[in-house]
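Q: Here the protein sequences line up with chains A and B, keeping their order. Taking my numbering, the leading residue of the first sequence gets 25, the next gets one more, and so forth. Taking my numbering, the leading residue of the second sequence gets 166, the next gets one more, and so forth.
These are calculated hints, taken from the structure and not from any lab test. A virtual CB, placed ideally from N, CA and C, is assigned to each residue, including glycine. Hints may be right or wrong, so weigh each one.
Said to hold, decoys possible - If you only want the chain B side, here are some residues facing chain A, beta carbon under 7 Å, derived:
1. Val-283
2. Leu-291
3. Ala-312
4. Pro-314
5. Thr-333
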Amino acid sequence: MNSPRVITPQERLGTKPEKLFLFRSCTGSMEYPGTESAIKEVLKKLDIEVVMDSDQTCCSGYILTCSGHTPEPSLAVTARNLSIVEQRYAGLDMYCFCNGCFGYNTELSHILKHHPAYMKMANDIVGQWGFEYQGKVRIRHVQELYYLLLDEIRAKVVRPLNGLRIASHYGCHYLAQQYEILDDGDLPTFHEEIYEALGATPVFYKERRMCCGYSVGRGFTHKESVVQPHLGRKFDSAKEEGVELMTTTCPGCNTALDREQVALANRGFGPYNIPVIDIGQLIGLAMGIDLDKLGFAANTIPMEGVLERIGLGKGA
Amino acid sequence: MPREHDREWDPELIHKVDRYHLVENLEQCLQCGKCTGNCPVAAITPSYNPRAIINDVLSGSITRLLDSEEIWRCFWCANCYRVCPVDINYPLLMMQLRYMALENGYGQKYVNGINKFVFKAFDHGLTFVPGQKGIEKIGRLRTGVGAEPWPTVSDEAKAQYQAIFEQTGAREFMEKLQDSEQKPLRLSYLEGRIVNE
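If we strip away everything but chain B, and leave its shape as in the complex, we get (with noise of 0.2 Å):
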């Protein structure tokens, strides 16, 4: 592993990766590891500790983070966020800090796994729908409690839900990522979309 040099440390890093503007008060911390107690993630993988990923944010060493297996472990239970002393949203940290490693050619392997869920959403308005055979087990169930056999999602409602997708950018993103084998994305949804300055 080569060694880091603290020149290559970016003290601008969190403004870079809090590109959404939700983690403002970052620089607050306290460095108390609550939010690792409090951690179900770190509790199963011990090599993940939020409190140290907040500190490598804040002196902006960038480079063990980015290419890290451990920041695609949260899934915004928010616990931390939860017992934190001064409200650091860190679920909404670590969700920009990802978006960050994918435009530099990483992690887009533990990504892969949940693409073909969200084209599936997008083409159904619902998360998680299963294969045909599910379907029909489904209708069954429902049937059985004497509901509709498939919770409709009106085709307006469909069509907008997409809509949405295509005018932000997410279906972009999604086809990169998709047609991405550890290639940097080039995220170009932000501009022009939303302003924050």
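Here chain A stands alone, though its shape is the one from the complex (with noise of 0.2 Å):
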């Protein structure tokens, strides 16, 4: 917080990238496979080529948090990832998804290159199967990109949302993260800039900027029933400014804030439905790309009323 933390997307991530590096995301992959797929399909039209790997594993920050091992695996896990971005893409940026790998591989990365020890130990560890750690590859989130592309991406809407009335969650994880982030921690506004570019009308509701309850409430740390009336409470605010739809940049808080939302009810809470997606599916719909890629059948709270809203219903 003492040095500046709010930069520019030029600052931060240069000139448009012709390739990049996409790190998978265990809980976009197997939650909602349609933000990984609506993402590449968005990159494919602005002319961004995607490679992944297969040797590409869990970034194991999650499981850290709840202290369910030690630093020590993540650290050396954390190396063995960005190491197979530094030595087989040399050169490429290391782009996530998820609030959850990017900052865990931010703050791991930064932990690594900060203490010789740890680096030592990490690269003693994967330094058997060839890897070295060097701690070269710049970790960014995709959501950093659209912004830098924002001028690109309203060129290419084609279907234009018609006014929709979206509002937006961060999610903690990127706002929090202490070292480079595009927007003020406590008052972003970047994601709004992306959805007037979308044709779409930004909504602010007051509790915008609290935490999805994805560790609090779906995870390990609390028990469901204390943290309810407090999700409640953001959807209520919600709800009030008349939100039709929501979108955030982590699968997590995807799942916290879409699945919570039938146990709210169950609770007398709502009930709401407000169909919440990832940034880069909402982009993704605006650009033309097919429904099918979108994978919105994988949302808990239905998107078919939003879609009828910009006249994609079915009858049409």
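Using the supplied hints, reconstruct the complex from the two chains, each of which is provided in its own coordinate frame.
A: Here it is as structure tokens:
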């Protein structure tokens, strides 16, 4: 917080990349396969080549936060994943589409780079398979790329979103990230600029900065009954503003906000019926990507109402 | 509740807690409380107070903390760290307090919930793999978007992921947690692996 950490996308990413490494997210690829596929389609439309690697494993950050194991394996796993990018795809930036992967990779690589003993431990372990993490690869989030390429995205909108009232959920693990982010952690607005570019109406609601409750509600540190009233408050304030759709940049947040609405309704909160999708899926929708590729079938709160609203109903 | 006497306080506690040397600036804490004001857990649980926890660690008052439920509430959102005027990485302090609690025989019940997921992650190289039915559903959804039915992690990657867990002692840690019914854990994994001196 002492050094300025809000920087422009140009400073953070430089010019538009021709090719990037996409870091697979466990929750993203299992709970919402449409997220990954939508991001790939959007990047294809933006003429950016995407590479992934099946040798990449989970970032192993979430279990560390629950104290399910010690930091050593997470440090070594981070060194292994990042050295794969450094060695096999030299010069490419690594893009995450999950705030968790992004935050943990950033934090753990920061620890590695600033504690030579940990770097040595991690490299001793991954060295037996020929890997060596040098701390060179840059870790970025896909949402930053959308903001960098906002004008290009605006020019490629073929299905304007018809003033759809969209609310943002940025996610703590992006906004509270220490090292560099694109916007102010308390009042970020760059997602809202993206909505406007897509022809939608950004909606500010009172509890937009409130945590999704993935870890506290669905996870292991709290009882659900303790968390749900607070999540209810978030959705109440969104409902009051007439929110029709909410977007996330983290499959974990998406899981909590989408799946939890049923449990909330069972406890007498709502029903809210606000669909929650990834911002990449939203951009894909406006760019005219085939609906099958966007994978809305994985959502608990159905997208039909939203699709109808922008003229993509079943009858259309 | 037995009365706590300041003779029991341990001024060296901070160095014992910060075994990984990750929060070396804790003594700079101003006790301003911005961490607590920005903490979503404190909003939910008023008895959870990061500022007070830092104060307790600094004054060496260990007994209240280690057997408390509060230290298991943090989930690393790092909003405290984001607003801290002196850049204290509070989540990493909390992480290390928990290992200390486990070693002293407290808090295993809070980790047991995640334990089976850790073993699953160990097997698959992916976190939160569901059961067979869930895997089938994922297969249908992934096929629907034109992806392969399962997010493939290569066998080689899985073997290396598992080897990392074995070699860092994490596997041993997981197994001890599974066996333990609130027995103190001996965390032998630290010995000889990381040298900070």
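Q: Would you check whether B:Thr-333 satisfies its interface hint, that is, whether its CB is within less than 7 Å of any CB in chain A?
A: Since the shortest Cβ distance to chain A is 4 Å, the answer is holds.
Q: B:Leu-291 was flagged as interface toward chain A. Is the shortest Cβ-Cβ separation under 7 Å?
A: holds (4 Å)
Q: How about B:Pro-314: closest beta carbon in chain A under 7 Å, or not?
A: Violated, because the Cβ-Cβ distance from B:Pro-314 to chain A comes to roughly 10 Å (cut-off 7 Å).
Q: Would you settle whether the hint for B:Ala-312 is holds or violated, based on the nearest Cβ-Cβ distance to chain A being less than 7 Å?
A: Holds - the Cβ of B:Ala-312 comes within 7 Å of chain A, reaching about 6 Å at its closest.
Q: Holds or violated: the hint that B:Val-283 contacts chain A, with Cβ atoms closer than 7 Å.
A: holds (4 Å)
Figure legend: structure checked against the earlier numbered hints; the only hint not met is number 4.
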